[in-house]
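J.: Take a look at the letters that make up each chain.
Protein chains: 2
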Amino acid sequence: MCQLFAMNSSRPVTVNAALGAFTDRGGRTGDHVDGWGIAFHEGRRSRVFLDDRRACDSALAAFLGLYPIQATTVIAHVRKATHGQPDLVNCHPFQREWRGRLWSFSHNGKLVDYQPVLSGDYLPVGETDSERAFCWLMEQLRQRLPGRGSPRWQEVAPVLAELATAIGQHGEFNFTLTDGEALYALGATRLAWTQQPAPLHVLPRSGEGDRPGPGRPPRGPQRIVQVATEPLSHGDRWQVFTPGELKVFTRGEAIWSRQLDLPRPQPHPAALAA
Amino acid sequence: MCQLFAMNSSRPVTVNAALGAFTDRGGRTGDHVDGWGIAFHEGRRSRVFLDDRRACDSALAAFLGLYPIQATTVIAHVRKATHGQPDLVNCHPFQREWRGRLWSFSHNGKLVDYQPVLSGDYLPVGETDSERAFCWLMEQLRQRLPGRGSPRWQEVAPVLAELATAIGQHGEFNFTLTDGEALYALGATRLAWTQQPAPLHVLPRSGEGDRPGPGRPPRGPQRIVQVATEPLSHGDRWQVFTPGELKVFTRGEAIWSRQLDLPRPQPHPAALAA
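These protein sequence lines are chains A and B, in that order. Numbering follows my numbering, in which position 139 of the first sequence is assigned residue number 139; successive positions increment by one, without gaps. In my numbering, each number is its position in the second sequence, counted from 1, plus 274.
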């Protein structure tokens, strides 16, 4: 069973401690032994780190636990391969560019008989159903929302709801998606979230390498949303997504929600893990 | 003045020592103080690491100097901003997917009045002339070489020669490009390369995390090509690209070369740095 983690905040923060708790699930407290990945976003800026080793043994994961990467949105994933070989090429998050933004995507669940016809706008590099679904999503978004410049989440969310409903007919489609502006999260079967004003385990932006600039003054209360397959911390008040709930988060706030018409999860084992 | 470094080898190797010498140019022995980046490729697998700090001060660069990432092709870049703000979003290598492969690109030089009309297939995320040139290259390659599956270098190289000649009319266009299968390098004004059978400072693939698989048995002599703006090591026999020479390297061998019809470099300072 794969695990998703995501963060969205009103100002850049580091997620070192939360990330440490999460990557521990990659082998130490969980059985997610087939690699992991994390995408950091701050506006248009993005960096993706991938590793095909167990997160709990990964020197890169340990390093990222110490190295203060600032971000307003983070998407992370630890993987237990059920589809595709355990290989770097199959590690989430996957990333593609659309309308001059970098879009990162992670999926939890298994899709059955999911073989969409792809135009070629975006093609999978690896073998996972997840990357195939992501490529189809991006292709459809591109076709339905043509134009230049970063699309607004108000345009993206309703189209994404429609597309995710289509994919969700093929199996479990819990996902997180971001372009650095908004965090989109579908709790098809299993996802939870929490919001904190200023939690202790998420550090405020340090001065190191900081270039606040006129565009992002430190005004208003710091708001942080975390999303995870399973709640990460006991102290925070986690809320479970209603099955089929698609939510949008920006600046550390839940700002949009829609209930998708998805089939009830099947108790068959083949439709559970991933 | 930016610096390019690239490596292509017949079997996966680590480039830690060469990388250390190269990143020292990011502030310690050079004046390339505006960030750096490196793309590792091994077949379809790819990882890009970017940092907007000086390479010589970067904890991430130091970490990568120790962390044994295996690759058959590497593209690295240290940056002195002359176009676009010093910002992560402007750090090379840039990466996009085409025909199910991840393509990484780094540029050295400055393009003047370079504003191609882009269809939208690939759009820049940052502000550099380099990323704009890369997006145009990928768009043109996609339009001229339609199809699925990884394109052969024999198809790509002649088209790339034509496209690079067009871009090269706008200024200095030294670049490195790879899809993990072939390394394409244009020495428009300044680039050097060397080949070694088995250099001491490039370590053989270790057993750690190694999954040789049936596709890559350790057969034949190990061949390694290095490409750099300036020769990195005194012991190796470096050869200078003829100005305007586009070369293709696969499996650690120079296998194709074409002389492009590019304007003579201008001695004007504005056309030199980047």
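Hints should not be assumed to be uniformly reliable.
[Claimed, not checked] Per the computed footprint, the stretches of chain B lying under chain A, defined by three or more beta-carbons under 8 Å from a beta-carbon of chain A, are:
1) 389-402
2) 461-470
3) 500-510
[To be verified] Far from chain B by the CB rule (all over 12 Å, computed), these chain A residues:
4) Ser58
5) Gln95
6) Arg96
7) Glu131
8) Pro146
9) Ala157
10) Gln222
[Claimed, not checked] Now the stretches of chain A that chain B is said to cover, found in silico as 3 or more residues with beta-carbon under 8 Å:
11) 59-67
12) 114-125
Keep in mind that the hints were calculated from the coordinates and are not lab data. Don't be surprised by glycine CBs; every beta carbon is placed ideally from N, CA and C.
J.: All hints, please: hold or fail.
T.: Hint check:
Given as covered by chain A, the segment 389-402 of chain B passes the check, having 7 residues with a CB less than 8 Å from a CB of that chain where 3 are the minimum. Requiring three or more residues with a Cβ within less than 8 Å of a Cβ of chain A, the coverage given for the segment 461-470 of chain B is violated, as only 0 such residues are present. As drawn, the segment 500-510 of chain B meets chain A at 0 residues by the rule of a beta-carbon pair under 8 Å; below three, the given contact is violated. Look at Ser58 (chain A): its CB is around 10 Å from the nearest CB on chain B, not clear of 12 Å, so calling it non-interface is violated.
At the 12 Å boundary, the C-beta of Gln95 (chain A) falls inside the reach of chain B, the nearest C-beta of that chain being 8 Å off. With 12 Å as the threshold on Cβ separation, the claim that Arg96 (chain A) sits away from chain B is violated: the shortest Cβ distance comes to roughly 6 Å. The non-interface label for Glu131 (chain A) is inconsistent with chain B: the shortest C-beta to C-beta separation is roughly 10 Å, within 12 Å. With a cut of 12 Å on Cβ distances, Pro146 (chain A) falls inside the contact zone with chain B, its closest approach being about 8 Å.
Every C-beta of chain B lies more than 12 Å from that of Ala157 (chain A), the closest at about 21 Å, which supports listing it as non-interface. With a least CB separation of 22 Å from chain B, Gln222 (chain A) remains clear of the 12 Å interface cut-off, as annotated. Given as covered by chain B, the segment 59-67 of chain A passes the check, having 4 residues with a CB less than 8 Å from a CB of that chain where 3 are the minimum. Only when three residues or more bring their CB closer than 8 Å to a CB of chain B does the claim for the segment 114-125 of chain A stand; here the count is 6, and the claim holds.
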